[in-house]
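Please take these sequences and the hints and turn them into a complete structure.
Residue numbers (the numbering used here), protein chains in the order written: chain S, 3 to 214; chain E, 3 to 214.
Fair warning: there could be bad hints in the mix.
To be verified - If you only want the chain S side, here are some residues facing chain E, beta carbon under 7 Å, derived:
(1) F18
(2) D47
(3) C64
(4) I66
(5) G74
(6) Y77
(7) K89
(8) F183
(9) Y186
(10) E195
(11) I197
(12) S200
Don't read these hints as lab results, they were simulated from the structure. Every residue, glycine too, gets a C-beta built ideally from N, C-alpha and C.
If you want the building blocks of each chain, they are given just below.
There are 2 protein chains.
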Amino acid sequence: MDPKTVTKIPDWVWEFHGHTCPFMPIGYRMGQIAMRELDVKHIGDHGAFGLSEMGVGHPQTCMIDGFMAVTGCTYGKLMMERLNYGKVACILFVPGKGAVRVYLKSEFQDELGKQEFFVYRKKGIEPSQVPPDVVKKVVDLVLEASEASMFAVSRLPDFTFGRPKGSFAKMKCSTCGEYVFERYVRMVDGRPECIPCSDYTQSWVNVLKGVQ
Amino acid sequence: MDPKTVTKIPDWVWEFHGHTCPFMPIGYRMGQIAMRELDVKHIGDHGAFGLSEMGVGHPQTCMIDGFMAVTGCTYGKLMMERLNYGKVACILFVPGKGAVRVYLKSEFQDELGKQEFFVYRKKGIEPSQVPPDVVKKVVDLVLEASEASMFAVSRLPDFTFGRPKGSFAKMKCSTCGEYVFERYVRMVDGRPECIPCSDYTQSWVNVLKGVQ
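Next comes the structure, spelled out in structure tokens:
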């Protein structure tokens, strides 16, 4: 294997992710490909969106951390979101430049699934507790496999995504006294309240726990 | 100021976040406090949840990146989520150890809002384009202010949060042929499809764009 084609993940990305697994590097490679396709560099401020087709309750979501790290589309900057399709794909959308989707080929998913690493994971053994040589083997596989064997890349000409216009306006909840950004103020008996004080929280907790 | 009390943010956390702003360090400090309160270290694998009370369409969300980095509760590992309350607070929940909430005191929010940094931000100038001395002043403020002046810390005895049980089961969409984790398979005319092929996507896009 030509060493030039082996993807190198910076140490800090591993440190951010917290453990060594094959999915973070898959997301990192997806981000690299999407950035190349749209001709953009790592985005320090804002102006782009990463959308993962992952959801919850299944493996491989770790790829989102790699995608965030390489593109700069972080969750904290509101530039990363899950679409909850349960598919191993990421989209990079740069307004004015378009959107590109990178899917982990089904054949590669099949190949990956045969790795010994998953014998441990299916038993519920955490990545940091899997024998290092077993981890190394699966990580090397995803760092060394050719792009063509791993990824299907496509443009999404109609794709769009946006956020509501930002506002600095905030007010205090009339019950707890804490600040609330206006968008999230709720009215109870004619008084402004935060969502927890308004007791309108349960639906959100349910969304997070069960619906996705 | 006693230099021992000044919070030091590792370089890689700045690199992950992408620009220098005061919010990422606020989240970092919130995470440090919550971890100390629950007596946990940085979590490399899974087993804890970070919940931000932030939403979209307002400032200060960058704090989520600092909180993820210091706690190890990353979005990719499904350990971080927004509660969309529009409040400047983070919760760390460790099953078996409890939950702690850290709120950025209203008085400190008022103090922070007077900083020149926000004159630039309210004009839409990105953090990386704000004069460095202006950025340094506000970042130093949040790194050096005493914990007592900045944060209100409370236990949440009834707080709970969970994820659905994970499954490796997946099947192929009968239309596009791509793999879908079972939780997200939808039925159309008796055939299994992925959400995009099923045309059931629009509601999610709307949720992400408008409802939160």
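Now for the hints, and whether the structure bears them out:
| no. | hint | in the structure |
| --- | --- | --- |
| 1 | F18 | 5 Å, holds |
| 2 | D47 | 4 Å, holds |
| 3 | C64 | 5 Å, holds |
| 4 | I66 | 4 Å, holds |
| 5 | G74 | 4 Å, holds |
| 6 | Y77 | 4 Å, holds |
| 7 | K89 | 6 Å, holds |
| 8 | F183 | 4 Å, holds |
| 9 | Y186 | 3 Å, holds |
| 10 | E195 | 11 Å, violated |
| 11 | I197 | 5 Å, holds |
| 12 | S200 | 10 Å, violated |
The structure does not agree with the numbered hints 10 and 12 stated previously, though it agrees with the rest.
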